[in-house]
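If you read the protein sequences in the order shown, they are chains A and B.
Read in the working numbering, the first sequence has 65 at position 65, and its numbers run on one by one without any break.
Read in the working numbering, the second sequence has 263 at position 109, and its numbers run on one by one without any break.
Note that these hints are calculated values from the structure, not bench results.
Computed from a predicted model, the values in this text were never measured in an experiment.
The C-beta atom is built at its ideal place from N, Cα and C for all residues, glycine as well.
Just so you know, not all the hints are guaranteed correct.
[Stated by the list, open to error] Computed footprint of chain B on chain A; a stretch qualifies when at least three of its residues, placed anywhere within it, have a C-beta under 8 Å from a C-beta of chain B: (1) 65-79; (2) 83-91; (3) 99-105; (4) 136-147.
[Claimed, not checked] Every beta carbon over 10 Å from chain B, so not counted as near; a handful from chain A, in silico: (5) THR16; (6) PRO31; (7) LYS34; (8) PHE38; (9) GLU40; (10) ARG43; (11) ASP52; (12) PHE53; (13) GLU59; (14) PRO112; (15) ALA131; (16) GLU151.
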Amino acid sequence: MNREPAVFDTFDIVRTYKASPERVFTAWADPAQKRRWFVEGERWTIDSYETDFREGGVERSIFRFDDGPVITNDTVFHDIVPNRRIVSSYSMTMAGKRFSVSLSTLEFEPDPSSSGTRLRYTEQAAFFEGADGAKGRREGCAELLEKLAAELGE
Amino acid sequence: MSAARSSSETPAVKLETLVFERRLRASPSAVFAAYADVDARARWSAPSDTAAVVYAASDFRVGGVDRFRCGSRTDLQFEGTVRYADVVENERIVYSEVIATTDMRLSVSLVTWEIFSDGTGSRLVVTDHIASFVGDDMIAGSRMGMNAALDNLAALVG
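Full structure from sequences and hints, please.
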């Protein structure tokens, strides 16, 4: 019996922050800061969060929403240019079933119209059975980038 | 390696999605086996007679890592690192692949192989999400390399 074909999608989100590229990059690179805005959230239970932010390093989080099933995110950092670029891939499971694998590219640039940062996030995703799909993923990423603004005090 | 470059020298990343499709006479399990067997894979993935792929390590399972060198037979100038993100026997293989020289990183890809049964044979769809750090050449090279590899695979398994 054949599985459903994977659904592939690419989206990008560009947003600006008042903080400098160095400051915005640090919010991704520093484990305590990243945990605060990327992992923690109201009604989310974090069972574990471990990260090793270096090329070839792995980040793994295990969490649940309310009394929902266990969700995991396994990330590998492939390419890191300090204050400039982070390329990683990440795989997600729910209740033990893998539902997506993505390549994510973050590019940090000085915002030409201010002393702040222009951040471009691009995700190239493969969604499998049980995935919410591209629309939900894009919305989730946009929410995270908004939480990053709050982490930066903006 | 790339950390040494200053921000002004960091060009924009070029992103592309390449899709390859082949109809094969071989069954899905035979196609999957031709991928899983690292000796077979080293043969069919070399794009030409003057090229070679030499594995230093291979661990084909979720979380496993392959390391190889590739390029011309006389100068294996590229190093590749593959990490398996998903493996469903006879159906699906998903991996990330980092390609670098000794000096710099060239690209990161997320590659999804889907094998569907199709009559008595298979239909293979390979989707390569690629991020190139050196412009369009790496994307063109990946397209050419995968097309050649899949033609070799088709010749091998039927």
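Now for the hints, and whether the structure bears them out:
no. : hint    : result
1   : 65-79   : holds (count 4)
2   : 83-91   : holds (count 6)
3   : 99-105  : holds (count 4)
4   : 136-147 : violated (count 0)
5   : THR16   : 17 Å, holds
6   : PRO31   : 19 Å, holds
7   : LYS34   : 19 Å, holds
8   : PHE38   : 20 Å, holds
9   : GLU40   : 25 Å, holds
10  : ARG43   : 28 Å, holds
11  : ASP52   : 14 Å, holds
12  : PHE53   : 13 Å, holds
13  : GLU59   : 13 Å, holds
14  : PRO112  : 14 Å, holds
15  : ALA131  : 12 Å, holds
16  : GLU151  : 22 Å, holds
Of the numbered hints given earlier, the model fails hint 4 alone.
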